[in-house]
Amino acid sequence: METRANFILIGAFTLFGFLGLMGFFVWFSKAELDRQFSYYDVYFDNVSGLDRASDVRFAGLSVGQVVQIQLSDRGDGLVRARIEVEAGTPIRTDSVASIESQGVTGVGYVGITSGTPENPLLRSVARGTVPEITAGRSLLQNLSEAAPRLLEEAIGVTESLNALLSEENRGAVEEILGNLNSASRQFDRTLSEFATVAEDVGTSVSEIARFTGELEGITSAVESTLSLADGALLAIENVSEQAEVAFEAGTTTLRTADEVLGNDVRRAIAEIADTSGALREQTLILSAEATVLLDAWAQAGVEASDRLSEAQELLSSTDLMIVDLVETLDSVDSAAVTFEELLEGDGYLLVEEARALVAQASTAADGIAATVEEDLPLLMTDLSETIASARSDIETIGADLSRASGRVDGLTDRAEETLTSVTRSFQRANETLGLLDQVLTTSDKTLSAAERAFTSADRVLEEDVGAITADLRAAITRIEGAIAAVADDIPTITADVRAAASAARTAFADVSSITGDARGPLDDFLAAGLPQFTRLGQETRQLVATLESLVERIERDPARFFLSRETPEFRR
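Numbered per the UniProt record's numbering, the sequence shown spans residues 1 to 572.
FYI, nobody ran anything at the bench for these hints, they're computed from the structure.
Hints may contain errors.
Listed next, with one range per pair, are the computed distances between beta-carbon atoms [to be verified]:
#: 1; residue 1: Ala87; residue 2: Leu139; range: 27 to 35 angstroms
#: 2; residue 1: Thr129; residue 2: Leu15; range: 43 to 51 angstroms
#: 3; residue 1: Leu71; residue 2: Arg123; range: 35 to 43 angstroms
#: 4; residue 1: Ala527; residue 2: Phe7; range: 48 to 56 angstroms
#: 5; residue 1: Asp73; residue 2: Ala53; range: 20 to 28 angstroms
#: 6; residue 1: Leu19; residue 2: Ala53; range: 27 to 35 angstroms
Even for Gly, the Cβ is constructed at its ideal location relative to N, Cα and C.
Required output: the full structure, derived from the provided sequences and hints.
In structure tokens:
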């Protein structure tokens with residue numbers, strides 16, 4: 001008896017199975033049928049590493065994918081990338097889109113910044129057309145473009161340092177040392193001249209002292225002579241008074257005796273005339289002696305005046321010499337102070353800044369070298385082990401991961417080459433800075449020798465030995481000119497060294513940032529991504545095995561599978 005097939009039941013079961021299978025696939029693919037999207041255009045200069053279906057991230061959160069990449073219709077050589085993002089994504093007018101790399105695997109994605117909340121949404125501003133997001137440049141692109149400029153600046157700094165250490169500058173330093181040597185020799189000659197001048201001044205002072213002693217003796221003699229002249233004049237006055245009294249008495253006597261002694265009058269008059277003549281002779285003698293004494297006193301006064309005039313001229317010359325000496329001391333003191341300020345100020349600061357920059361560059365280079373030597377080998381070892389285990393589980397996924405590892409190896413090689421070139425550049429910069437430090441040390445020694453020379457000159461000048469000669473002033477002028485030239489070159493050298501250090505610091509910061517950004521995503525991939533891929537492979541194998549067994553059962557006996565062959569109870 002032939003079994004009758006129930007086609008309605010078979011058809012219903014087939015339809016329900018097909019619908020269930022479709023639902024399973026929809027659930028498995030996590031499709032969202034009610035999801036709405038917005039489309040934006042971004043114009044890039046270069047889209048290397050970006051493909052269709054690449055991820056689009058808004059502030060680090062995945063919000064969509066790239067749906068189309070083609071050349072721009074404008075004819076400007078740009079590449080238009082149309083992206084599909086969730087409709088509620090708050091992309092604003094100042095948001096910037098750039099092509100970023102996901103970790104060290106090199107997978108590119110479009111990163112969009114959030115912008116400022118005060119600006120309006122781009123969708124509300126651009127109505128009726130596909131909004132356009134401003135394209136930006138990634139950190140890796142900026143670093144790759146800035147690397148040649150950094151190398152050029154490093155080469156320029158090296159050339160500047162070589163120019164600083166040229167034969168001309170060495171010759172100038174040798175000339176300065178020669179000038180200092182000649183200046184020290186001129187100091188010796190000046191000291192001998194100062195000794196001669198000191199002897200002359202001592203001789204002049206001794207002569208002035210001797211003349212002063214003689215002048216005191218002459219003054220005492222003149223005083224005694226004047227006192228004698230005063231006594232003589234007083235005596236003459238007394239004699240004159242006595243003579244007048246005598247004349248008066250004689251006149252009275254003559255008048256009284258004219259009557260009494262008539263015969264003796266002429267005799268008395270003759271005696272009186274003799275007495276008057278004697279008195280007149282004595283008076284003339286005393287007047288002549290007084291005149292001679294006054295002439296001698298006047299001659300002594302004239303000689304004393306001449307001596308005093310000579311002493312006044314000598315003292316005036318001495319005052320002028322002291323004034324010149326004081327002015328010279330002031331000029332030398334100011335030059336020494338300026339020289340000392342230059343030594344204690346810019347030169348010392350330049351050496352300290354150069355040493356600090358060298359220490360910072362060495363510290364940064366040591367940190368990068370330690371990171372490369374410690375973290376990258378461990379990271380590559382873990383990655384190799386993970387890829388080997390994944391290859392044994394799923395061949396297809398293993399092949400993909402092998403290609404990804406190849407890209408990682410290539411990127412790591414390029415990173416190592418870049419770090420090696422940067423390290424070599426900074427080694428050359430360190431060598432150049434070492435040469436600069438040696439030059440500064442030599443300059444410091446030279447300036448110390450000059451300072452000692454100025455100290456010796458200051459000590460000599462403080463002892464009041466004499467005025468500074470014209471040769472010494474010329475030597476000081478040449479030294480000041482050479483120091484001024486070196487001081488003018490020092491700010492330029494300092495600016496170049498600071499620029500090189502700043503560029504090096506920026507390059508190290510960029511390399512450190514790239515290394516730090518690569519470690520996080522790679523750790524996340526190794527910790528979460530690979531186990532999920534492994535679990536997915538296992539579940540896929542189980543599903544395939546289940547489906548194969550189900551198909552075998554259907555192929556062996558479809559009727560028994562869909563319709564049971566057990567004999568009904570009523571037929572038994």
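Hints numbered earlier in the text: which of these fail when held up against the supplied structure? Violated hint (a single one): 3; every other hint is consistent with the structure.
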